[in-house]
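There are 2 protein chains.
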Amino acid sequence: MTRVFNFSAGPAMLPEPVLERAREEMLDWNGTGMSVMEMSHRGKAFMSIAEEAERDLRALLSIPDNYRVLFLQGGASAQFAMVPMNLLRGKTRADYINTGAWSKKAIAEGRRFADVNVAATGEADGFNSIPVFDTWQLSGDAAYVHYTPNETIGGVEFHWIPRTGDTPLVADMSSTILSRPVDVSRYGVIYAGAQKNIGPAGLTIVIVREDLIGDATEGTPTMFDYRTHAENGSMYNTPPTYGWYLAGLVFKWLLDLGGLAAMAEINRRKAEKLYAAIDASDFYTNPVAIESRSWMNVPFTLAKPELDGEFLKEAESMGLTNLKGHRSVGGMRASIYNAMPEAGVSALVDFMTDFEQRKG
Amino acid sequence: MTRVFNFSAGPAMLPEPVLERAREEMLDWNGTGMSVMEMSHRGKAFMSIAEEAERDLRALLSIPDNYRVLFLQGGASAQFAMVPMNLLRGKTRADYINTGAWSKKAIAEGRRFADVNVAATGEADGFNSIPVFDTWQLSGDAAYVHYTPNETIGGVEFHWIPRTGDTPLVADMSSTILSRPVDVSRYGVIYAGAQKNIGPAGLTIVIVREDLIGDATEGTPTMFDYRTHAENGSMYNTPPTYGWYLAGLVFKWLLDLGGLAAMAEINRRKAEKLYAAIDASDFYTNPVAIESRSWMNVPFTLAKPELDGEFLKEAESMGLTNLKGHRSVGGMRASIYNAMPEAGVSALVDFMTDFEQRKG
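So the sequence lines, in the order shown, correspond to chains A and B.
Numbering follows this note's numbering, in which position 275 of the first sequence is assigned residue number 275; successive positions increment by one, without gaps.
Numbering follows this note's numbering, in which position 339 of the second sequence is assigned residue number 339; successive positions increment by one, without gaps.
I should point out that these hints are in silico values taken from the structure, not numbers from a laboratory.
Owing to the predicted nature of the structure, the values given are computational and were not obtained by experimental measurement.
A few of these clues could be false.
Restricting the straight-line Cα-Cα distance to at most 20 Å, the calculated cross-link-like pairs of lysine to any residue (SDA-like) are [unchecked claim]:
#1 K313/A - V4/A
#2 K304/B - D350/B
#3 K105/A - A230/B
#4 K313/A - G43/B
#5 K313/B - T32/A
#6 K313/A - G33/B
#7 K44/B - G309/A
#8 K313/A - R42/B
#9 K313/B - G325/B
#10 K313/A - K44/B
#11 K313/B - G31/A
#12 K44/B - L312/A
#13 K104/B - Y236/A
#14 K44/B - D28/B
#15 K104/B - N232/A
#16 K44/A - G331/B
Across the chosen pairs, the derived CB separations fall in these ranges [said to hold, decoys possible]:
#17 T2/A - E231/B: 35 to 41 Å
#18 M235/B - G140/A: 38 to 44 Å
#19 G140/A - R55/B: 54 to 60 Å
#20 E265/B - S185/A: 58 to 64 Å
#21 E272/A - M318/B: 55 to 61 Å
#22 N232/A - E231/B: 31 to 37 Å
#23 M318/B - R269/A: 52 to 58 Å
#24 D115/B - S62/A: 45 to 51 Å
We treat Cβ as the ideally placed atom computed from N, Cα and C, and that holds for glycine.
Kindly produce the complete structure, drawing on both the sequences and the hints.
Given below as structure tokens:
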């Protein structure tokens, strides 16, 4: 078996020790004679797994006591509707920041339920930078402000938290959660699909301030009401138990590494190494403004796009996979989430340098 | 490692060969150097897994070409809202059959979106039998008729398909799908949470007739519109890829066994063996009318309820786990889905006989 360095934007690599542990426990978790997949979600064994996972996530992110952690389904795409359905609370207006493809999806769905004010957009700059906060046109009467701290496709990322005063701040952190410490108390809602930095696809984590729960819009499906899940410990119906368990293993892996400060240091090094290689070259280009560059998703183009196919083929043969850029952008994209080892980034940089020398 | 016979109502046992295969492929699927969990859902490898799973499910259930198969999230509880949101199509009324706990949940959520007519109910009989079809009061103008072919908690099951003429018939098959052949062409929509007879929790399969797709009620969240998923091959957003893969392994296991006719024969034998033991005893009782007894969930009580705790403890020590009845019913419940081996039922019957001889 040869494991590859998989630069997929998501679902993405998982830490190898997590997969090894899951393999080991596949037919028998902790002497129960059952796979975690086979356990009643209301039984003692799974309850202990579930509680430990939440406890570890709370420790990693220092989540304050007045926030609930929900383990849901449906991905960010479900949250695009759940956020307005739960947070409008009698208001009609919501502010959204448009920084690229995922912001646009949140906005499109938000418009179906709210009077959306796009308070800032990166459009004029081709979405290659985060709009400067001074230029934002926030409404006075918005129920919330929604933004996307990291854009998976464009590779732009906020390295600061917007100040929205008393208006709850909502963040789609799918592609950046757990990559570094974050001050949860600055947010009304943080949500994230698991398949990038948390665990397998099919699990969605929502961290929501308690006072924002319990006033969903009339006509909200029961399963889309945060209260349903908050009141039932995310077990109103059967949760995605195996994803929850794997997320728990990832949380333990992060704690063992030293938590999010240590993870941030590793992620910073990985990103700097890759951007430094790109910037030092005349062959590779990353279009993003330096202060807005993502630590997680690094798009880049070749000076000779006709070599894209060859680049991808050679990379793949060396075990560097899924480097093809999103179809809307072209070129390449290296997603280097938590589980991508530093050795993977080094191997990529070495390959890029070698490829440039031979073909550049 | 000693595997137990797990009689949980769901999540429930999975076939051991499926778990063994998943274990073997955990870090490297088919030489890709990736776990299935790590694969991009749009990549060649996962697409082949996804397509094969759908193909095998279509073969198992002989699904006609004018039905779409959707691999979704949210469980039956999400379908309780999605069904009215998608199927009302300008009408206001919907007929529901109430045969117990899960019917009631479907009805409660249905009432939030439709004018629900409960066309038949098992209430007068304590939900211990399926209401005779001749007594049903179907509306002339219902958009659909919803029923629950198997009630997980009460242990009643339909052994026939209601005739609803041109009104689409909708079935929550969560706890009975794949237990035997079914004539899909008789249905408008069949849906099922995976965690009983399909695979791990977090995957929901919806089989929907094409002409019922595309006219969702105004205000339906994009993720709750069948069209969203039908038009995108269930990949509008990231699907629960690992659950999809495991479901595919379960489908292969069923095909290898000889398909659903062979599975039905095994399930019939398992159920008959257990009911025969209960009926032959003065100590154990199952309250369900013979013609309405479930093949999947067998509730039973002890003549001396004060021995419940002892029964459960002894059973557990013999590797017969999760036999405690639902809190709303009490007593015992043995869920004997597809993955419960005949040896598990035999072991349970032997234990019950022995326990009765010693304590009855």
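>> If you test the structure against every hint from before, which numbers come out violated?
In response: Nothing - there is no hint that the structure violates, so all of them hold.
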